[in-house]
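J.: Chains as they are written, first to last, in numbering that gives the first Met the number 0: chain C, 0 to 247; chain Z, 0 to 247.
These aren't lab readings, by the way, just hints derived from the structure by calculation.
Each pair may be met inside one copy or between any two copies, as identical chains are not told apart.
Lysine-lysine pairs mimicking DSS-like chemistry, simulated, CA-CA at most 25 Å apart:
1) Lys213 - Lys132
2) Lys137 - Lys57
3) Lys54 - Lys137
4) Lys32 - Lys104
5) Lys63 - Lys132
Number of protein chains: 2
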Amino acid sequence: MLGLSNTVVILVEPSGPLNVGSVARLCENFGIKELRLVSPRCNPMDKDAQLLATKGEKFLREAKIFPTLLDALVDCRRVVATCGRVHHGTIPLYSPEVALPWLLKRSEDVLTALVFGREDRGLTNDELRLAQKVLTLKSSPSYPSLNLSHAVAVVLYELHRLTDQLNHSTKGNSSIETEPAYPLELEECMSDAQELLLEIGFLLDHSAHARMAKVRALLNRAVIRSEEISLIRGMIRQIRWAIFSRAS
Amino acid sequence: MLGLSNTVVILVEPSGPLNVGSVARLCENFGIKELRLVSPRCNPMDKDAQLLATKGEKFLREAKIFPTLLDALVDCRRVVATCGRVHHGTIPLYSPEVALPWLLKRSEDVLTALVFGREDRGLTNDELRLAQKVLTLKSSPSYPSLNLSHAVAVVLYELHRLTDQLNHSTKGNSSIETEPAYPLELEECMSDAQELLLEIGFLLDHSAHARMAKVRALLNRAVIRSEEISLIRGMIRQIRWAIFSRAS
Numbered sequence: 000m001l002g003l004s005n006t007v008v009i010l011v012e013p014s015g016p017l018n019v020g021s022v023a024r025l026c027e028n029f030g031i032k033e034l035r036l037v038s039p040r041c042n043p044m045d046k047d048a049q050l051l052a053t054k055g056e057k058f059l060r061e062a063k064i065f066p067t068l069l070d071a072l073v074d075c076r077r078v079v080a081t082c083g084r085v086h087h088g089t090i091p092l093y094s095p096e097v098a099l100p101w102l103l104k105r106s107e108d109v110l111t112a113l114v115f116g117r118e119d120r121g122l123t124n125d126e127l128r129l130a131q132k133v134l135t136l137k138s139s140p141s142y143p144s145l146n147l148s149h150a151v152a153v154v155l156y157e158l159h160r161l162t163d164q165l166n167h168s169t170k171g172n173s174s175i176e177t178e179p180a181y182p183l184e185l186e187e188c189m190s191d192a193q194e195l196l197l198e199i200g201f202l203l204d205h206s207a208h209a210r211m212a213k214v215r216a217l218l219n220r221a222v223i224r225s226e227e228i229s230l231i232r233g234m235i236r237q238i239r240w241a242i243f244s245r246a247s
Numbered sequence: 000m001l002g003l004s005n006t007v008v009i010l011v012e013p014s015g016p017l018n019v020g021s022v023a024r025l026c027e028n029f030g031i032k033e034l035r036l037v038s039p040r041c042n043p044m045d046k047d048a049q050l051l052a053t054k055g056e057k058f059l060r061e062a063k064i065f066p067t068l069l070d071a072l073v074d075c076r077r078v079v080a081t082c083g084r085v086h087h088g089t090i091p092l093y094s095p096e097v098a099l100p101w102l103l104k105r106s107e108d109v110l111t112a113l114v115f116g117r118e119d120r121g122l123t124n125d126e127l128r129l130a131q132k133v134l135t136l137k138s139s140p141s142y143p144s145l146n147l148s149h150a151v152a153v154v155l156y157e158l159h160r161l162t163d164q165l166n167h168s169t170k171g172n173s174s175i176e177t178e179p180a181y182p183l184e185l186e187e188c189m190s191d192a193q194e195l196l197l198e199i200g201f202l203l204d205h206s207a208h209a210r211m212a213k214v215r216a217l218l219n220r221a222v223i224r225s226e227e228i229s230l231i232r233g234m235i236r237q238i239r240w241a242i243f244s245r246a247s
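The following block holds chain C by itself, in its conformation from the complex:
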């Protein structure tokens, strides 16, 4: 079963404790194996970092510190680095949809790494070249760089989404679908409604069919269910009682 539990998140020279704390929280959110910091420019146990880490506080406490990115990658076989640019002169950039599935093709016990750069300068070309693949989140040059923790959030979410897709490989939405009502149930309900609406003069003989067709279209679009039809028929019954049984 694939998962993010064999993936480490590496931040190179992060300078903001709020960012580092937020990333620790994301590691907890997504079941990451470990947070690694290369020459951090702030203290991971800073109170601001701890504040933002919330339940991810252990990732801060247990974060491994390394002097260089090469050191931090010592035991990682598949490495994807991130880049804030749309195009790079010499290094090919891939979208997450291409780079991340490659990360997931790993064998059972292989460690993989996601590498993120400095808030202001990203990763150097030499650092980018330590990764087998570099991904970019930008698909158009029009918006300025994402905040570091937002970039991490998006990449981890995409990795999770693609993992889920691979694990379940059934497209479609996540809600459990209730079966629709039988056509006959809706038909009988529409008959009942039409009768009432004709009696009270909302429908006129010549336009009844067209107007009921609109109601039918609405209910079909909703893919109406049996219990909803029961609800509507209950309303029709009570309305009929109110009109024809009440004392004036």
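Dock chain Z against the given chain C, drawing on the hints supplied.
T.: Frame of chain C; chain Z shown alone:
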């Protein structure tokens, strides 16, 4: 050309200025039209918010403040709300891949909204029911809730990714869809219906809210349109006349 420029981001009762500031930055990152705040529990011009907003500072300055979510949705025809749960008892939850393309099917000048809830409590059921579709980022119950700004980052990124996909794809795009009714139109219709159904005894005070919630769920699933609401209100009017004006 589709884009996020007709989409507003709405935060309901946000309490953290760091979160509000981060979200303002994301609005700048993704070319969002406007940031709206419903009864914010912090000051959007707080220095912490401004610090995190960086280039998105204008979204803070120009953020519109509303007392309720219904007010904030006054001019939005397509609304997607977010929910932190995997399953919801009564409201269908969709993955972003299903809910967001629906948002993108909008006509040219239609405003759409993405709604996010309180940091600790999310959105209430009544608030979720103001949206035609509710999305969940969770596909497995195993990880705890994302931080508010991370959830916004992921949703905006997904919307952007799907927009890009639609803009560049060579497949035929969806046929022109009729726009849904405004949330306020449906609200007024439901109010009207509830009043009538209470008067005739179909609804009882203690169960009225739950039963009307079922009706609302049906009509949201249908993504009901203005002319259909008019039809229903016409029925209500005629039914009322039949009950209260007829000679016995």
